[in-house]
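Generate coordinates for the entire structure from the input sequences, incorporating the hints supplied.
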Amino acid sequence: MSNPQIEIQLIAAIVAIACAIPGVFLVLRKMALISDAISHSILPGIVIGFFITQDLNSPLLILLAALTGVITVVMVEFIQKTGLVKEDTAIGLVFPVLFSIGVILIAKNANDVHLDVDAVLLGELAFAPFDRLMVGGADWGPKSLWVMGSILFITISLLILFFKELKVTTFDAGLSSVLGISPVVMHYGLMSVSSVTVVGAFDAVGAILVVALMIAPAATAYLLTEDLKKMIWLSILFGVFSAISGYWVANILDASISGSIATTLGVVFLLVYLFAPKKGLISVLYRQKQQRIEVSLITFLLHLNRHEEESERHINHLQEHINWRAVRARSVLDLAEKNNLVEIENQVVSLTEKGLAFTEKSLEYIINNKDEKIEPMKEDFFLFRG
Amino acid sequence: MDNQTLAVQIDDLTVAYNYKPVLWDIDLSVPEGVLMAIVGPNGAGKSTLIKTILGIIKPIAGTVSIYGKPYSKQRKLVAYVPQKGSVDWDFPTTALDVVMMGTYGNLGWIKRPGQKEKKIALESMEKVDMLAYKNRQISQLSGGQQQRVFLARALAQDASIYFMDEPFQGVDATTEIAIINILKELRKAGKTVVVVHHDLQTVPEYFDWVTFLNVKKIATGPVKDIFNDDNLTKTYGINYKVAVNK
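Protein sequences appear in the order of chains A and B.
Taking the UniProt record's numbering, the leading residue of the first sequence gets 1, the next gets one more, and so forth.
Taking the UniProt record's numbering, the leading residue of the second sequence gets 1, the next gets one more, and so forth.
Hints listed in this document are in silico derivations from the structure and should not be mistaken for laboratory results.
Quick reminder that beta carbons are idealized off the backbone N, C-alpha and C, glycines included.
Any given hint might turn out to be false.
EDC-like, lysine to aspartate or glutamate: derived pairs with alpha carbons at most 16 angstroms apart [stated by the list, open to error]: (1) A:K230 x B:D90; (2) B:K134 x A:E226; (3) A:K164 x B:E117; (4) A:K164 x A:D227; (5) A:K30 x B:D90; (6) B:K134 x A:D227; (7) A:K229 x B:D90.
Some, not all, of what chain B presents toward chain A, calculated at C-beta under 10 angstroms [claimed, not checked]: (8) I56; (9) L107; (10) I110; (11) F150.
Spelled out as structure tokens, the structure:
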């Protein structure tokens with residue numbers, strides 16, 4: 001690997017981490033769309049900042065543009081508070097206006113500078129190593145590495161300091177307000193950090209990929225864990241993994257780096273969505289199938305329990321009575337027999353002692369469905385899975 | 001009650017959403033040590049009243065004081081149980097962690113909860129009989145268990161006044177009895193408890209103080225004196241008859 005290659009991957013990885021951290025809280029607060037709005041509406045801020053500073057990596061430009069991001073949030077909330085439109089509509093009203101102001105400003109004034117709409121939307125990571133930080137004639141590496149590194153440092157420091165506050169305001173804003181931990185302060189804090197991160201990252205990866213890097217890793221992690229700290233770690237992991245592997249995909253296909261990273265993020269999410277152990281699609285379908293069999297089994301046992309007379313318990317009769325197709329009746333009967341819940345004698349099915357005990361417990365389960373007494377029963381039901 | 005200490009005093013309180021008043025000119029005193037129900041029809045402003053007392057909603061007129069001082073100076077005296085449906089129970093955390101949040105108020109900003117806070121949280125969970133579920137994901141809890149977790153969190157706040165927004169909503173009978181027993185214990189310990197309540201039948205059994213609310217305050221006082229058909233009719237607007245157990 002050449003030096004620029006390493007630098008590009010390093011920048012991509014740092015951008016990914018810096019985006020993943022606020023992303024977790026945006027996803028948990030159901031504010032994913034806000035990141036989309038911010039990433040577009042910072043454009044006029046960037047253009048105006050660029051006119052003033054003539055440097056895309058200037059801290060002043062970053063602050064000016066981030067301010068536009070926060071203004072977006074304020075405007076969305078203001079429109080929403082009128083009660084005339086819902087939040088998603090308010091977002092849809094605000095950011096295209098701000099974004100198009102940016103587009104017009106670029107078209108009118110910035111034709112001769114390095115700032116065009118394509119670069120804004122998609123970014124160009126490949127060029128990042130060319131813009132270097134020179135101090136006293138010495139080369140300190142790419143400027144965007146320093147910019148994003150500083151933003152990441154601030155983000156991590158704030159996360160460590162205010163983890164408890166972020167957690168409680170995200171989970172229960174009403175309680176935090178009562179506790180004296182202002183949800184409003186934390187909200188605007190998070191919005192400011194997100195805005196600064198988006199501005200810092202957009203030069204490298206563009207306005208669209210920034211959204212992907214904020215939302216996709218958090219959404220993926222959310223499928224895998226029920227622990228906030230683990231969710232943050234997993235988001236970072238997915239973000240960095242997608243950034244690095246996306247880079248190499250782009251390298252092999254000779255395609256856009258930011259496009260490849262976004263695609264990788266999507267593929268990773270899809271894989272986790274399918275195969276996650278608890279919340280994944282396949283696992284959910286499997287569980288539903290198992291539950292269907294369990295319910296069938298219990299229905300069958302209850303039927304046996306209720307009918308003493310042999311005619312009601314004859315194998316052929318059962319099929320007609322419970323109204324199942326032959327295959328399902330057969331598989332349920334096999335399952336019951338395999339677990340020693342029933343015995344079959346002369347084509348007549350009867351409950352064993354174990355079967356009787358189980359049926360009675362099941363009845364209790366059905367009756368007390370909402371009660372906590374069923375906790376130990378749940379293990380019994382797992383007995384029949386697989 | 002003239003010489004009784006007032007836990008909460010509300011004067012001339014008016015609250016509006018988008019300039020439309022939802023609470024009109026409320027005067028209300030809550031004496032220390034009562035177990036009070038706030039009853040009224042849907043949209044009467046019951047939750048709004050609690051949220052305004054707690055400073056979550058700003059009134060357009062009037063004052064609220066907790067033991068004679070504004071709420072912002074008395075935070076540590078107050079605990080709050082919001083409506084169960086007001087939070088997302090798919091939030092990635094455990095029951096114990098939610099109960100610990102009750103201690104954040106005394107901790108203040110930045111400081112992290114330690115062993116002391118964990119101990120408080122565990123004791124609170126034991127009181128609501130939820131210790132066995134301390135490491136359970138909150139999404140895996142039943143409605144009644146979630147309500148107990150919220151109650152434990154309020155106990156962890158270790159306050160003098162407890163405000164609860166419909167704690168009996170969507171819970172099974174066992175949990176309802178468990179909750180009311182804890183509320184009665186709180187009162188015995190000299191705490192003041194204010195509960196937004198829906199089930200009129202249980203008011204005389206559970207509470208000793210009641211406030212009738214429907215945008216305006218209809219009446220407030222001891223259950224045995226004012227919980228009658230007259231006030232119920234005034235509050236609910238229809239000729240209301242309930243069997244009041246004497």
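Here is what the structure says about each hint:
no., hint, verdict
1, A:K230 x B:D90, "holds, 15 angstroms"
2, B:K134 x A:E226, "holds, 14 angstroms"
3, A:K164 x B:E117, "holds, 13 angstroms"
4, A:K164 x A:D227, "holds, 14 angstroms"
5, A:K30 x B:D90, "holds, 12 angstroms"
6, B:K134 x A:D227, "holds, 14 angstroms"
7, A:K229 x B:D90, "holds, 15 angstroms"
8, I56, "holds, 5 angstroms"
9, L107, "holds, 8 angstroms"
10, I110, "holds, 6 angstroms"
11, F150, "holds, 9 angstroms"
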